[in-house]
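4 protein chains.
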Amino acid sequence: MVHEPNNWGRFGPDDQRGTLNLLTPAVVLDALRSATTGEVLSLAMPIKGATSSPAPTTVPHLPGRPLPQHFMSVDGGDYAAGARAIGEGLYVADDALIVSHHGTTTHMDALCHMWSGDELYNGHPAARVRSYGATRCGIEQVGGVVARGVLFDVPRRLGLDHLPADFRIPAELLAEIATPRPGDAAVIRTGWPAVWGRSREEYWSGQPGLSAEAGRWLAAHDVSVVASDNAAIGGLDARGLADEGLADDLHLILLHRHGVHLIEMLWLEELGERGCTEFVFVVAPLRIEGGTGSPVTPLAIL
Amino acid sequence: MVHEPNNWGRFGPDDQRGTLNLLTPAVVLDALRSATTGEVLSLAMPIKGATSSPAPTTVPHLPGRPLPQHFMSVDGGDYAAGARAIGEGLYVADDALIVSHHGTTTHMDALCHMWSGDELYNGHPAARVRSYGATRCGIEQVGGVVARGVLFDVPRRLGLDHLPADFRIPAELLAEIATPRPGDAAVIRTGWPAVWGRSREEYWSGQPGLSAEAGRWLAAHDVSVVASDNAAIGGLDARGLADEGLADDLHLILLHRHGVHLIEMLWLEELGERGCTEFVFVVAPLRIEGGTGSPVTPLAIL
Amino acid sequence: MVHEPNNWGRFGPDDQRGTLNLLTPAVVLDALRSATTGEVLSLAMPIKGATSSPAPTTVPHLPGRPLPQHFMSVDGGDYAAGARAIGEGLYVADDALIVSHHGTTTHMDALCHMWSGDELYNGHPAARVRSYGATRCGIEQVGGVVARGVLFDVPRRLGLDHLPADFRIPAELLAEIATPRPGDAAVIRTGWPAVWGRSREEYWSGQPGLSAEAGRWLAAHDVSVVASDNAAIGGLDARGLADEGLADDLHLILLHRHGVHLIEMLWLEELGERGCTEFVFVVAPLRIEGGTGSPVTPLAIL
Amino acid sequence: MVHEPNNWGRFGPDDQRGTLNLLTPAVVLDALRSATTGEVLSLAMPIKGATSSPAPTTVPHLPGRPLPQHFMSVDGGDYAAGARAIGEGLYVADDALIVSHHGTTTHMDALCHMWSGDELYNGHPAARVRSYGATRCGIEQVGGVVARGVLFDVPRRLGLDHLPADFRIPAELLAEIATPRPGDAAVIRTGWPAVWGRSREEYWSGQPGLSAEAGRWLAAHDVSVVASDNAAIGGLDARGLADEGLADDLHLILLHRHGVHLIEMLWLEELGERGCTEFVFVVAPLRIEGGTGSPVTPLAIL
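Protein chains in written order, with our numbering: chain A, 1 to 302; chain B, 1001 to 1302; chain C, 2001 to 2302; chain D, 3001 to 3302.
No lab work stands behind these hints, which were simulated from the structure alone.
Ideal Cβ placement from N, Cα and C applies to all residues, glycine included.
Some clues are possibly wrong.
[To be verified] Label-pair ranges, simulated between beta-carbon atoms: (1) A:Arg-198 with B:Arg-1156: 22 to 32 Å; (2) D:Gly-3197 with B:Pro-1025: 28 to 38 Å; (3) A:Ala-85 with D:Glu-3176: 52 to 62 Å; (4) D:Glu-3088 with A:Thr-135: 21 to 31 Å; (5) A:Thr-135 with B:Pro-1164: 31 to 41 Å; (6) A:Gly-12 with B:Gly-1123: 51 to 61 Å.
Using the sequences provided together with the hints, build the complete structure.
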């Protein structure tokens, strides 16, 4: 089922779900059969909302981005200080979260997140992406993703802890590891997040990622989503930018031309350690109307 | 496996996951077998972040709560107005979300969300729930929930569109519908969200919910989570408050005494229409360190 | 110095400060001489950031607007609950504010806040008002305003506690009260905020305000700013909208055509009680680059 | 009027305004006479809310703090992309600000911002500073400050562009420059913000500031506020911390023991260039109920 880029309308003129349409009920039922042990792994990095902590800890993120903020609007400290219970003897804790997910935490990209020219994926007008949110290709179109997950543990294949910053994964290397079936979730491990603990400067010095060829190879195999533990699916140069030209930009190849949703900044270390290459992959973004994406907690059911 | 309330330590002295511990790999594998058609339903209400819209639309929520705010930090309008692309011909849309999830959207409660006395669930000190977040029983303890879902469609059982505001679901009515197995996710439909479209005043005039007995019955059957389409699992009176005493408060019975996580404000109308009573139930809250809960998109895999 | 509307370029082709340019050093020195008693009055309504309070109190605001949110990121409750001091014996409280000021609190409008056609005040292109902020006519252009304040206490003139909701203040009534000099801050009291305490439904049933003629009269007298205790300078109808046509819209007359900054939702009750009609008026908006306005605390120095 | 530290109750048992009580109407009238030229200078740094900008610019701030976020909820880009006007031909731009002011922008500290032991300034219980805000000594107590400003331009006195990072201003040096009168606003220029443009690493390598003695000297002269262009009034060491012991901590000496409000992170370069040592100083914090402070735009009227 190899197809040309820019095949607007492959799933119909109104399609805003792209390759998620491949996840028919039959494919979902088949995907559920990939579970073998029943172990459930979270593939999300923690959201650390340190705001006034004298020693805030952080997780891997891109520089210059606004980090998540987490506030308790009422907490146990208030009661310790004498605040009244909300009912006789009944205490409550409540909180608020402020999050700009791209580049700061595990998240899923909506099809409206990136484009070239005047049109989003499938010819939807880019001018519909406005301050009130995107009325085309927003993250609320996703619903939930239940797919067979296929782990491409590239550093393990190469006998490395993690890929080097300038490594661009060639398509052949993916092909040596596995061949995805239509609808599969391709989960790409680079190992790069582990660098954060050693040095954030090194983490920011560049990032390994898919080559354009590898992106095209995945699209040609009709994967439903591409999920990776790096920040941009493709690699980043020392300035933190994608270093391909427009034709080879991974976001454009996958999101824009083929309608493949992306999930970035996953935590794949435990999954990699299990050595399990097939599993059930589930992700359900927040149903933010018009959102360009959502923070998520993807699950692997082994 | 019936047990007494306040059985601190049932899952060990450090337990912060409560009945989610019942979801052993074997139970998970068994739960996956509940899927029959492969249809995936989102059980989340939309998050509408209207901030400056002249005609903001909203979803069912409790009065007086801060509603979600959604901002686009760059969008297609900017490019239409002449903003430069981030790379040659490469456009991006980005956004931010501010959310206080309790009472405003589909969300999951952490075990630190409510308590009585000086201790959270399982004897964890309530004084550890502070402005930096809860260092005990926070939502990051959940990871992911994969369970057999059992739908208790109470209004359908009674031949109603929705339960009346003052209806408190008796345990016997649940027992007539189904008997949950240990680890099951009990999904309770009241139909109340449909009232919102008719009149928000009526929605706020009270809410139907579980009786204390029904809560104890579910806990005694070792459900892993209780999920409902109302705002507080138990009912609400005309002032928007739980009207039971401390002993009978549904949050205390379930969250505090038995360690049963709660999921509230689900959208169950499509699920109810399917007439499907068993399915795979999956929910994965954001991994907010120290959070009192998380907005979520629960999934039913039929 | 009466002049025609749309006199683009009156203060030069790059002018983004409008009639604030009238506040020359000589005018400022003169304005300072208006102080007689030295009493300093705040003209701001409180910002109440209730988020989880069981009984949140509010101040007058327009319906459907996101209210201010105020979070303590560390507070005395944390220390009561055992949090460590930031230094030996040294405690700190810190907080965060989220505010959409238009319609929710006392605020000043930037000249980029409203326009008609493709141009802001003075012909600046409206397309420069984008998601990153306005690069023309933003609130950071204001700096500080020090002017002679002239109080137009309209209900007092008419022997009323407050104007009726459908009252549109005629120019002649203003003229009977006082004649502003160039650079004066015209402070218009309608008394409407006092209605809030009686009934928020009544507050929302409409609002009294300036007539278009009165707006033109003030502009013709070269006031530097118009400040009022209502929400929109002009009146509002029962749907909360300005009910004039485009030619007579008060925001367009003042902000757009004449470059007169507006300050709305002031609290003028104590000032009104003093019976003092001339004073020093000072306001200094936050220097938000590209902001459409700013929450403010205007001062009257009597 | 020299007095001892910890003179609880100097201005009465309920006092929450500290030395702002010195600003009697007579003192205010006298302060207004300090204006000589009528020039009005803003002493605020810009608030840059870059969130998605590919090249965010920033202003001097402490590391690890959440920076201001500024979002446009509707803007000219939306209309360029086809959004409908709010009325026929009537366009509006609206925005929202998220700000944690301490350490990130020009701001004023409330008397509840820092303390030692169980009591705030004047014996108010620290336990009243909770998640809903401070019900004692909050920033809403300030109203507005109108005082004679006295500039202590320390680097100019020493013939330097800015003080070195480890410089702690001795009391004698202040005394050589000027002797404040009761109620004066002492404005201390260190010149440190200019370092930011050269190197943020250098800016973060420490900060010059008042010595403890100088703080006591200012308090003994009954200044109403101390305002400085550094981040903490006192100096900071290479780790960004105040390096005095508890007895000598500048925040405790001024805020806690003597009730002197602090204003930090001012921009004093233009004021310094004027060579004007006396002026009218005006600051009016947002009336945030229970706030630990407020972002502000202080004004100097020369």
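Tested hints:
no.	hint	verdict
1	A:Arg-198 with B:Arg-1156: 22 to 32 Å	57 Å, violated
2	D:Gly-3197 with B:Pro-1025: 28 to 38 Å	58 Å, violated
3	A:Ala-85 with D:Glu-3176: 52 to 62 Å	58 Å, holds
4	D:Glu-3088 with A:Thr-135: 21 to 31 Å	22 Å, holds
5	A:Thr-135 with B:Pro-1164: 31 to 41 Å	37 Å, holds
6	A:Gly-12 with B:Gly-1123: 51 to 61 Å	56 Å, holds
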